[in-house]
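Peer 1: Each chain is listed here by its residues.
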Amino acid sequence: DQQVKQNSPSLSVQEGRISILNCDYTNSMFDYFLWYKKYPAEGPTFLISISSIKDKNEDGRFTVFLNKSAKHLSLHIVPSQPGDSAVYFCAASRYNAGNNRKLIWGLGTSLAVNP
Amino acid sequence: GAGVSQSPSNKVTEKGKDVELRCDPISGHTALYWYRQSLGQGLEFLIYFQGNSAPDKSGLPSDRFSAERTGGSVSTLTIQRTQQEDSAVYLCASRPPGGGTDEQFFGPGTRLTVL
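Taken in sequence, the protein lines are chains A and B.
Mapping of the first sequence onto this note's numbering: position 77 corresponds to residue 77, and the numbering continues sequentially without gaps.
Mapping of the second sequence onto this note's numbering: position 27 corresponds to residue 27, and the numbering continues sequentially without gaps.
These are calculated hints, taken from the structure and not from any lab test.
Just so you know, these numbers come straight off a predicted model, no measurement behind them.
C-beta atoms are modelled at their ideal positions from N, C-alpha and C, and glycine is treated no differently.
Mixed in with the good hints there might be a few duds.
[Claimed, not checked] Listed below are the simulated DSSO-like cross-link pairs for lysine-lysine, each with C-alpha atoms no more than 30 Å apart in a straight line:
1) Lys71(A) - Lys17(B)
2) Lys5(A) - Lys71(A)
3) Lys5(A) - Lys17(B)
4) Lys57(B) - Lys5(A)
5) Lys17(B) - Lys57(B)
6) Lys102(A) - Lys11(B)
[To be verified] If the Cβ cut is set under 7 Å, some of the chain A residues that face chain B in the computed set are:
7) Glu42
8) Phe46
9) Leu107
[Stated by the list, open to error] For each label pair, taking beta carbons as the anchor points, the in silico distance ranges come out as:
10) Glu44(B) - Asn7(A): 17 to 23 Å
11) Thr76(B) - Pro115(A): 40 to 46 Å
12) Leu39(B) - Asn7(A): 16 to 22 Å
13) Ala54(B) - Ser69(A): 34 to 40 Å
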């Protein structure tokens, strides 16, 4: 029962172009969404997040869009750079009993930015 | 400042042996999480500690797995009678107190190989 789905296991884009990574979720109770980036042999690092009260959050080259009616969010990277090549994880959280804000993770999308 | 540290970085063990993995969270972080990532898979939640509350053990795959957090700081994940399917990267993350952004800060992981 995958509550957070990243349906594209991999994505390849040309340097300078836009990278769009997609994420779908099934639980309408999720109220916070995060994107993490992971390089090989390292732990994931936080990239950008968005609250369910917003539909867009921008930080430099990274923008996250949230479409609550479609239960869909996307991460846009523009312009893409070779250093962006990594695995990107989408995660969601909800306020459940006991203040246990546990993140629910997607399986990740491996992004390759080609020079 | 110091981030989350994990030791050892790599562990090779024989099937049937017990292993202990250590996590030192960021000072002052009250929440601590253990995940594992098997080859080609996403992050699998194992256990979550929040302050003095009872830990959320709902992700532990079997009773061979246990974890403790002493003094609200360092945590140890113990796997007894290891099996080959336990081979994975074990990741620890911590989170600061307060509602905040749900951002978790990850360590570099321990790569466990069970022969």
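Peer 1: None of the hints should be skipped; say for each whether it holds.
Peer 2: Hint check results:
Among the hinted pairs, Lys71(A) with Lys17(B) is inconsistent with the structure: their alpha-carbon atoms are about 44 Å apart, more than 30 Å. The straight-line distance between the Cα atoms of Lys5(A) and Lys71(A) is roughly 11 Å, inside the 30 Å bound, and the hint therefore holds. Pair hint Lys5(A) plus Lys17(B) does not hold up; C-alpha atoms about 35 Å apart against a cutoff of 30 Å. Distance restraint check for Lys57(B) and Lys5(A): the Cα-Cα separation of roughly 23 Å lies within the 30 Å cut-off, and the hinted pair is therefore satisfied.
Taking the CA atoms of Lys17(B) and Lys57(B), the gap is near 22 Å; set against the 30 Å cutoff, the hint holds. Only pairs whose Cα atoms come within 30 Å are accepted, and Lys102(A) paired with Lys11(B) is accepted, the gap being roughly 27 Å. Here the hint on Glu42(A) is kept, as its CB sits about 6 Å from the closest CB of chain B, short of 7 Å. A cut of 7 Å between beta carbons decides the hint on Phe46(A): the least distance to chain B is about 5 Å, and the hint holds.
A least Cβ separation of about 4 Å between Leu107(A) and chain B falls short of the 7 Å threshold, and the interface hint therefore holds. A beta carbon spacing of about 19 Å between Glu44(B) and Asn7(A) agrees with the range 17 to 23 Å that was offered as a hint. Distance hint check: the CB atoms of Thr76(B) and Pro115(A) are about 43 Å apart, consistent with the given range 40 to 46 Å. With their beta carbons about 20 Å apart, Leu39(B) and Asn7(A) fall inside the hinted range of 16 to 22 Å.
Remark: the range hint 34 to 40 Å for Ala54(B) to Ser69(A) is upheld by a beta-carbon distance near 37 Å.
Checked against the numbered hints given earlier, the structure breaks hints 1 and 3 and satisfies all the rest.
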